[in-house]
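Colleague: Produce the complete structure using the sequences and hints provided.
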Amino acid sequence: MTYDAHFRVWRGDTDAGDLQDYIVEVNDGEVVLDVIHRLQATQTPDLAVRWNCKAGKCGSCSAEINGRPRLLCMTRMNNFGADETVTVTPMRAFPVVRDLVTDVSFNYTKAQQIPAFAPPVGVAPGDYRMAQVDVERSQEFRKCIECFLCQDTCHVVRDHEENKQAFAGPRFLMRISELDMHPLDSRDRKLEAQDRHGLGYCNITKCCTEVCPEGIHITDNALIPLKERVADRKYDPLVWLGSKIFRRGSSTGGARTPGA
Amino acid sequence: MTDLERHDYDVVIIGAGGSGLRAAIEAREQGRRTAIICKSLFGKAHTVMAEGGAAAAMGNANPRDSWQVHFRDTMRGGKFMNNPRMAELHAKEAPDRIWELETYGALFDRTPEGKISQRNFGGHEYPRLAHVGDRTGLELIRTMQQKIVSLQQDDFAATGDYEDNLKVFSECTVTELLKDSSGRIAGVFAYWRETGRFLVFCAPAVVLATGGIGKSFKVTTNSWEYTGDGHALALRAGSTLINMEFVQFHPTGMVWPPSVKGILVTESVRGDGGVLRNDTGSRFMFDYVPDVFRKQYAETEEEADGWYDDPDSNRRPPELLPRDEVARAINSEIKAGHGTEHGGVFLDIATRRSPEFIHKRLPSMYHQFKELADVDITKESMEIGPTCHYVMGGVEVDPDTAAAANVPGLFAAGEVSGGMHGSNRLGGNSLSDLLVFGRRAGSGAAQYLARIGTDRPAVSEDDVTAARNRAVAPFGREGGDNPYSLHQELQQSMNDLVGLIRTAPEMREALSRLQLLKDRAATLTVEGHQQFNPGWHLALDLRNMLLVSECVARAALERQESRGGHTRDDYPTMSAEWRQVNLVCSIAPAGDGIELAHQPLPKMADDLIRLFDRGELSKYLTPAEMAALPVGVQD
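Protein chains in written order, with the working numbering: chain A, 1 to 260; chain B, 261 to 895.
Any given hint might turn out to be false.
[Unchecked claim] Below, computed lysine-lysine pairings styled on DSS-like, alpha-carbon distance capped at 25 Å:
| # | chain 1 | residue 1 | chain 2 | residue 2 |
| --- | --- | --- | --- | --- |
| 1 | B | 630 | A | 143 |
| 2 | B | 620 | A | 143 |
| 3 | B | 555 | A | 110 |
| 4 | B | 375 | A | 143 |
| 5 | A | 206 | A | 143 |
| 6 | B | 620 | A | 164 |
[To be verified] From chain B, some residues computed to sit far from chain A (all C-beta separations above 12 Å):
| # | residue |
| --- | --- |
| 7 | 418 |
| 8 | 612 |
| 9 | 641 |
| 10 | 665 |
| 11 | 730 |
| 12 | 732 |
| 13 | 780 |
| 14 | 782 |
| 15 | 829 |
| 16 | 874 |
| 17 | 887 |
In case anyone wonders, no lab produced these hints; they're calculated from the structure.
For every residue, glycine included, the Cβ atom is placed at its ideal position computed from N, Cα and C.
Modeller: In structure tokens form, the structure reads like this:
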């Protein structure tokens with residue numbers, strides 16, 4: 001089936017921009033990215049859009065379709081009626097570069113601030129032994145394709161630019177959780193998750209989980225367990241008393257952030 | 261030029277896929293200031309698309325495995341056209357490279373003893389592929405991306421600057437390699453995709469890690485980045501390409517709906533029990549086992565099915581033949597009228613494995629078919645057909661240092677390099693290739709810097725001006741073609757005329773069409789301005805695609821035999837004489853055309869040739885070569 005669809009696409013740059021209307025052909029089985037590409041090839045050769053694999057594996061073509069954060073390559077046109085207007089806008093939580101392309105450097109800055117995997121001392125390469133059941137917990141989070149839709153949708157930064165400094169966002173709090181659950185990671189990450197990366201800002205509304213194209217249970221499997229372990233460490237009276245007496249956890253000290 | 265950003269580095273790496281990142285880690289760990297330049301965002305490179313796994317003879321699943329067995333499988337897969345030294349280094353070093361990834365934080369699937377699990381794949385005698393479900397490439401990229409961040413954190417601790425010694429320039433495209441007056445690499449010329457501003461990197465060593473050329477074909481597993489940039493940069497800088505006629509068509513790409521045609525369906529589906537059937541339901545692969553592989557593959561369904569649980573007393577299912585064999589078989593079935601409604605054949609795992617097994621082992625395949633084709637692979641067969649996947653050919657390199665031919669300071673690793681995989685790459689050998697030769701290229705570059713010491717090359721300002729003028733040229737023109745339509749014509753021509761099955765008249769036709777496209781490309785017109793303008797980016801990429809496509813077509817027309825990723829309808833058999841010949845492409849001294857030369861294939865060392873018996877060697881070697889075999893080759 002072929003029909004002409006009504007698309008509204010945000011065009012503009014850092015200075016200004018608005019939604020523009022296009023009538024464009026749609027064929028059987030196509031996804032929104034196919035239609036955007038047809039626009040490029042036939043009507044708007046300079047329409048800026050990021051994409052790579054077109055198979056939901058690289059996480060490049062993130063945008064908002066009818067207001068919902070989605071991958072353009074994994075959104076099939078048969079989600080919409082033939083008479084329905086399809087509105088495509090750039091991710092709202094990040095500054096626009098041009099058209100559908102946003103400046104996602106916030107995410108790379110946050111990635112640099114999460115301490116890397118700390119290999120176990122005295123275990124030679126080739127001698128790592130881990131049970132499948134133990135690696136599976138972190139493996140779920142390593143399915144992440146870094147599309148940053150969870151970062152885009154999270155209200156902590158979506159509506160509060162000022163929180164970006166203190167809050168790593170669901171993707172990178174999940175990264176901390178992933179390392180914390182890594183069977184051989186040798187660093188204690190609980191206090192820094194709360195004190196340096198803003199875990200406390202998350203009030204588990206699960207918006208991140210809802211938009212994840214990989215279906216990762218970000219809130220239930222990564223963020224809530226991490227919160228529980230932080231609570232065990234920070235608020236257990238016996239651990240608190242011990243930390244006062246033995247000064248443990250001092251390697252991850254630092255100023256407490258608001259909301260923590 | 262005032263609007264020009266300038267940077268000084270020791271090593272510039274072009275490409276942030278597996279080989280580029282591994283090269284960067286090595287160069288940085290050897291104390292060299294390193295820049296990584298990539299066309300996409302950091303972490304999006306094509307390596308994320310690799311699904312099945314990384315081949316390494318760790319022997320975790322079968323203790324009989326060893327580097328010698330892996331070497332043998334690789335040579336067989338490549339039909340003995342491989343550079344034997346590269347295949348040797350690869351087989352020997354792959355296990356260490358995989359284990360190293362665990363120290364960076366990688367989490368592979370495990371065996372019951374807690375070691376890295378290994379899975380079966382086409383052409384590999386034992387289960388050999390380290391894997392993470394069917395998203396192994398993503399794990400490799402993410403692991404090395406995070407290792408790079410970890411090195412940056414070390415620098416931050418030491419200097420207060422994350423990017424002091426290792427910096428990623430993402431969404432940045434290199435258009436030219438720059439050389440000094442003596443012909444050594446002096447740097448690269450590039451532009452920011454976002455702003456269109458130009459950059460010059462001064463650097464004595466450049467590593468090409470740009471991947472493949474698949475975007476010149478219409479039906480392909482490759483992403484837009486695969487425009488043969490490194491191949492073309494090397495050629496224009498005076499280096500050479502080998503084996504360009506060998507292009508791998510993966511047997512299993514999606515065929516329906518049209519918008520996803522070509523997207524990869526991992527070989528793991530077959531490794532984990534999936535079988536191919538035609539429209540009558542017949543497992544046709546039993547009819548397509550070639551003589552050279554007859555001894556190693558099952559002849560009945562019963563024996564083939566027994567192999568999954570008891571590989572010691574059963575032979576392998578023919579669905580796990582090397583990719584070139586399977587792709588040709590599928591093509592023959594379709595041509596004979598036994599294809600499916602949408603012009604493919606069936607790949608069936610639903611009747612062979614439980615839904616739980618499929619969800620666990622093939623989660624992305626389940627997701628991909630469900631989301632893109634409305635097919636539940638736990639209940640229905642997939643429709644699949646051949647798709648352009650990988651180019652075996654590439655930059656001619658020194659096996660040990662990855663140094664490119666003829667150009668001091670230039671290195672190449674991964675898909676952009678040639679020789680390692682011969683005429684056909686085995687599945688799983690790509691990810692391990694990236695690691696082994698990525699590291700060697702980083703190390704080769706570091707050693708080169710040590711050799712030249714303070715005698716560093718200088719960039720010529722005239723070359724910079726020329727590069728800049730060439731890049732902006734499409735804006736100054738009017739009335740020429742639109743780059744998108746030219747690209748579509750190129751893809752259609754390569755697909756139809758230089759695809760899986762080739763004939764001389766078709767390739768001549770391709771070459772004349774390529775010439776016409778080249779002429780039209782010279783007058784391409786681009787609308788808009790330089791800021792994030794995909795039309796302009798494509799116009800610049802087209803120059804590379806056209807050059808590389810010409811290499812493929814020229815070499816394919818020249819090689820009068822069928823071998824691996826090169827099948828001639830007019831020369832359907834393998835020729836022992838042609839096995840001795842590497843076809844070498846270079847830029848003709850007169851200008852932009854391609855020159856083709858014959859060069860002897862490097863000889864296999866005696867200890868390597870003794871890994872095969874005479875019976876097998878006689879299928880590949882000439883009588884003269886057989887007579888000259890070293891002592892100690894078994895009968």
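Colleague: All hints are to be evaluated individually against the structure, with a verdict given for each.
Modeller: Consistency of the hints with the structure:
Proximity of residue 630 (chain B) to residue 143 (chain A) is assessed by CA-CA distance (about 18 Å); at most 25 Å being required, the pair is judged to hold. The suggested pairing of residue 620 (chain B) with residue 143 (chain A) holds, with an alpha-carbon distance near 13 Å, which does not exceed 25 Å. Simply put, residue 555 (chain B) and residue 110 (chain A) have alpha-carbon atoms about 55 Å apart, too far for the 25 Å limit, and the pair is violated. This hinted pair checks out: residue 375 (chain B) and residue 143 (chain A) have alpha carbons roughly 21 Å apart, not beyond 25 Å.
Note on residue 206 (chain A) and residue 143 (chain A): the hinted pairing holds, with a Cα-Cα distance of about 18 Å set against a maximum of 25 Å. Pair hint residue 620 (chain B) plus residue 164 (chain A) does not hold up; C-alpha atoms about 37 Å apart against a cutoff of 25 Å. Residue 418 (chain B), annotated as away from the interface, keeps every beta carbon of chain A farther than 12 Å; the closest lies near 15 Å. Non-interface status of residue 612 (chain B) relative to chain A is upheld: no Cβ of that chain comes within 12 Å, the nearest being about 23 Å off.
A cut-off of 12 Å between C-beta atoms confirms that residue 641 (chain B) is not in contact with chain A; the least separation is 18 Å. Listed as a non-interface residue, residue 665 (chain B) keeps its Cβ farther than 12 Å from every Cβ of chain A; the least gap is roughly 31 Å. For residue 730 (chain B), the condition that its CB be more than 12 Å from all CB atoms of chain A holds, with the nearest at approximately 20 Å. For residue 732 (chain B), the condition that its CB be more than 12 Å from all CB atoms of chain A holds, with the nearest at approximately 15 Å.
Every C-beta of chain A lies more than 12 Å from that of residue 780 (chain B), the closest at about 16 Å, which supports listing it as non-interface. For residue 782 (chain B), the shortest C-beta to C-beta distance to chain A comes to about 18 Å, beyond the 12 Å cut-off, and the non-interface label holds. Interface exclusion of residue 829 (chain B) from chain A stands, the closest Cβ pair being 32 Å apart, more than 12 Å. Taking the minimum C-beta to C-beta distance to chain A, about 36 Å, the non-interface status of residue 874 (chain B) holds against the 12 Å cut.
Every C-beta of chain A lies more than 12 Å from that of residue 887 (chain B), the closest at about 43 Å, which supports listing it as non-interface.
The earlier numbered hints that this structure contradicts are 3 and 6.
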